[in-house]
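J.: Protein sequence lines correspond, in order, to chains A and B.
Okay, so the first sequence: first residue is 1 according to the UniProt record's numbering, each after it adds one.
Okay, so the second sequence: first residue is 1 according to the UniProt record's numbering, each after it adds one.
Hints listed in this document are in silico derivations from the structure and should not be mistaken for laboratory results.
Ideal placement from N, C-alpha and C gives every residue a C-beta, glycine not left out.
Watch out, some of these pointers could steer you wrong.
[Claimed, not checked] Pair ranges (Cβ atoms, derived):
| # | chain 1 | residue 1 | chain 2 | residue 2 | range |
| --- | --- | --- | --- | --- | --- |
| 1 | A | 45 | B | 251 | 35 to 43 Å |
| 2 | B | 126 | A | 3 | 50 to 58 Å |
| 3 | A | 35 | B | 308 | 30 to 38 Å |
| 4 | A | 27 | B | 308 | 36 to 44 Å |
| 5 | B | 287 | A | 11 | 25 to 33 Å |
| 6 | B | 79 | A | 19 | 56 to 64 Å |
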Amino acid sequence: MSSARSVRLAREMKTLCSKPPWGVTCTPEKEDIFDVLSVKMFGPRGSPYEAGLFKLVINVPERYPFEPPQVKFVTPVYHPNIDSAGRICLNMLKMPPKGSWLPTITIETLLISIQTLLANPNPDDPLVTQIALEYKYDIETFQENARNYTKEHARHA
Amino acid sequence: MNIMDNLFNVLKSDDFNTLPHLMKGLNTLFEAVEANQSGPLKADLLDPQFLSELESVPENVDISFGKSLTDIKCLIRDENLRVHEVYLKYDGIKRIRIISVNIPFAPFLEYIYSTVEEVIVAYLKHVITLQSYFYELENIDNNCVVVEPIKPTFKDDYRNIRIDDKTWLHVEITPDGYPTNIHLIGQSETWQDKLQAGVLNWDHDKNIVENVMSIFDFDKSMLLSKGNTNKLDHEDTQMDDGILCGICFCSELPNSPGVPQPLCQNSNCNVYFHQNCLFQWLVACEGGRPPAFGVINGSCPTCLQPISCSKKDCVI
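If we strip away everything but chain A, and leave its shape as in the complex, we get (with noise of 0.2 Å):
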């Protein structure tokens, strides 16, 4: 079984060195072990994210792709999904029956749900309730504080 994991994941880095999507760059902690991966990830364009460069860890976990890779934010996001830990409400990071997660998503199809995320937050699932109810409410403060916040920490130079 690992040695499943270890092909799908040379596999999947593979393409995301050669072709990876827009704003999106994803490399091993360690060189040729792929349990742990950095990430850099750029805010949307046209989204309050838009002038930020956002850090982000996966640690691949050892039933992989039996069971969905762990992504947390380094960089600090003011996000209705995203708390001050860095841990994003995503459905397709979570198991079934619960969640969305199916073996047939790859790291970079996750990476790009996240910057979709970033762009289209969900505040009808949230993790930080305050800022879902400023989303809700009162757009143009969350867009304000989201964009201020974007540029106090993960301003990139």
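For this one, chain A is given, so just place chain B on it according to the hints.
T.: Same frame as chain A, now just chain B:
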């Protein structure tokens, strides 16, 4: 056996109770053994006479050694500058055998030759009688699409020529350069009718390619047109990569038996899985509990339609 018995006698005997005595005893024993073994030495090495002979071969012959110094490869050029490979084995002084040649008809294979020169002369003499055989084969290879053999050589005395996508023409060629056993491979009534009528009117003054062209009303370009063979090649390269499993993204796994299969019953879902991978996933969905009766139900990881998978052939 004898030596072992002697050795045991020496080791057990009370006469050799001190080290110098024992060494002496062993020494005499091994001397006797050595004397026994010095039988006729095998002539594995080349004799200098043979080597000098190899150096003096005619200019139209290239000689190289194979695995050992007694395996010799000769590249012989005949009058028409066709290159022939002849493999020789040096069995001893004045004993040279032909191991293999690149022509199918070789009546002289069993003879034993005393010099390489003799081999070359005999070979060239034989090859001269095969000139029309070579000519016909070359002509076919140059003017037709040969489907089989994949890499045609003079050793293959037949050619399967592509007529259309589904039909090949099989032709065998005799040492005299005449076609025999001409038949179609694949079902095609129109080509079959044409062939039957055409064989009766075979023109022996023309070569095989010309005859084939007139039988099937082909011109040169039609015989050379590969049609859909390019497409076939393309499909072949895809097959090399194999069908990938939608879960592990591999075609074959060392610890997962079988190849990916279309396990999903949904006919619109064209994703293949290893039975093992799918089973592992469905078990993981159930919280890691394997099914009671060996068959697990769940939903396809691609199309989310109901899917079931049996434990049979699975290693977990």
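J.: The structure should be examined with respect to each hint, and the outcome stated for every one.
T.: Cross-check of the supplied hints:
Distance hint for residue 45 of chain A and residue 251 of chain B: a CB-CB separation of about 38 Å, consistent with the stated range 35 to 43 Å. A hinted range of 50 to 58 Å for the beta carbons of residue 126 of chain B and residue 3 of chain A is consistent with their spacing of about 57 Å. For residue 35 of chain A and residue 308 of chain B, the hinted distance range of 30 to 38 Å is satisfied, since their beta carbons lie about 33 Å from each other. A beta carbon spacing of about 40 Å between residue 27 of chain A and residue 308 of chain B agrees with the range 36 to 44 Å that was offered as a hint.
Distance hint for residue 287 of chain B and residue 11 of chain A: a CB-CB separation of about 28 Å, consistent with the stated range 25 to 33 Å. Taken as a hint, the range 56 to 64 Å holds for the pair residue 79 of chain B and residue 19 of chain A, whose Cβ atoms sit roughly 58 Å apart.
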